[in-house]
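Asker: Each chain is listed here by its residues.
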Amino acid sequence: DTAVSQTPKYLVTQMGNDKSIKCEQNLGHDTMYWYKQDSKKFLKIMFSYNNKELIINETVPNRFSPKSPDKAHLNLHINSLELGDSAVYFCASSQLGDGYTFGSGTRLTVV
Amino acid sequence: AQSVTQPDIHITVSEGASLELRCNYSYGATPYLFWYVQSPGQGLQLLLKYFSGDTLVQGIKGFEAEFKRSQSSFNLRKPSVHWSDAAEYFCAVGGINTGNQFYFGTGTSLTVIP
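Chains A and Z, in that order, are what the protein sequence lines are.
Counting in my numbering, the first sequence runs from 1 upward without gaps.
Counting in my numbering, the second sequence runs from 1001 upward without gaps.
None of these hints come from the bench; they were simulated from the model.
A virtual CB, placed ideally from N, CA and C, is assigned to each residue, including glycine.
Any given hint might turn out to be false.
Said to hold, decoys possible - Far from chain A, some chain Z residues (derived; all Cβ distances over 12 Å):
#1 E1015
#2 G1028
#3 G1041
#4 T1055
#5 F1063
#6 S1080
#7 A1086
#8 G1094
#9 F1104
#10 V1112
#11 I1113
Stated by the list, open to error - Straight-line C-alpha distance at most 25 Å; calculated SDA-like pairs for lysine to any residue:
#12 A:K41 x Z:Q1101
#13 A:K40 x Z:Q1002
#14 A:K71 x A:S104
#15 A:K22 x Z:S1109
#16 Z:K1049 x Z:S1109
Chain A extracted, bound-state conformation (with noise of 0.2 Å):
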């Protein structure tokens, strides 16, 4: 019963290769996000998206793309993978005034 689960924990890929990223929460939260966490532990956001309104972060290369098939679900694609991406993402959820919740993270390796 995770609250807020990430698949896989762990992906390890060669550059140039197209991944993505699931994330599902059941905590009926109505905000989702995904941050990036590189290797000196500093927390980005990259996107937080509900049902009405994506925001993206205008940092955040356009290989990056969430895909929310409902509200409980925000996957990350990534294209053309870079040795530069290489780092932990958390998808989280909240509901607006409250909170995240964090999943356990996926820690990309691009070789």
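Based on the hints, put chain Z in the right spot on chain A.
Answerer: Using the frame of chain A, we list chain Z on its own:
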């Protein structure tokens, strides 16, 4: 602009000693403030949050934090640290004004020595 500063990159304390982790924020309205903890290889767990009201908030695992508007601070405290508290701690600020997007500090790494 919204931002969070955690001045201490790394802190080492002895088990049983008291702990204070500093957090300063910049936010254009009444902030929502949070502390999260991240154990190695794990996701982030919410320790406590402040929305309004009493400026001293209690959280899980014996942690507390005090909101000081005049100092734009939200420092995290624990009277007696346990070895299991060794982790990365993140302060975050956000709120309705930013579409509930949170801005995280760069984190403070806590080492606990026996």
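Asker: Starting from A:K40, check that the Cα of Z:Q1002 is at most 25 Å away, please.
Answerer: Holds, at roughly 20 Å.
Asker: Is it correct that the beta-carbon of Z:G1094 has no partner in chain A closer than or equal to 12 Å?
Answerer: violated, 9 Å
Asker: Against the 25 Å threshold, does the CA-CA distance of Z:K1049 and Z:S1109 hold or violate the hint?
Answerer: With Cα atoms ~20 Å apart, Z:K1049 and Z:S1109 stay inside 25 Å; holds.
Asker: If we take the beta carbon of Z:A1086, is the closest beta carbon in chain A still more than 12 Å away?
Answerer: holds, 14 Å
Asker: Over 12 Å to the closest beta carbon of chain A is the bar; see if Z:V1112 clears it.
Answerer: For Z:V1112, whose nearest Cβ neighbour in chain A is about 18 Å away, the distance exceeds 12 Å, so it holds.
Asker: Is the Cβ of Z:T1055 more than 12 Å away from each Cβ in chain A?
Answerer: holds, 18 Å
Asker: When you look at the beta carbon of Z:G1028, is every beta carbon of chain A farther off than 12 Å?
Answerer: holds, 16 Å
Asker: Is the Cβ of Z:S1080 more than 12 Å away from each Cβ in chain A?
Answerer: holds, 25 Å
Asker: Closest CB-CB distance from Z:F1104 to chain A, is it above 12 Å?
Answerer: Not fine: 4 Å to the nearest Cβ puts Z:F1104 too close to chain A.
Asker: Does Z:F1063 clear chain A by more than 12 Å, comparing its Cβ with all Cβ atoms of that chain?
Answerer: holds, 14 Å
Asker: Evaluate the condition: distance from the CB of Z:I1113 to the nearest CB of chain A exceeds 12 Å.
Answerer: holds, 21 Å
Asker: What's the verdict on A:K41 and Z:Q1101, does the C-alpha distance respect the 25 Å limit or exceed it?
Answerer: This hinted pair holds, its Cα atoms lying about 18 Å apart.
In summary, the numbered hints that this structure violates are 3, 8, 9 and 15.
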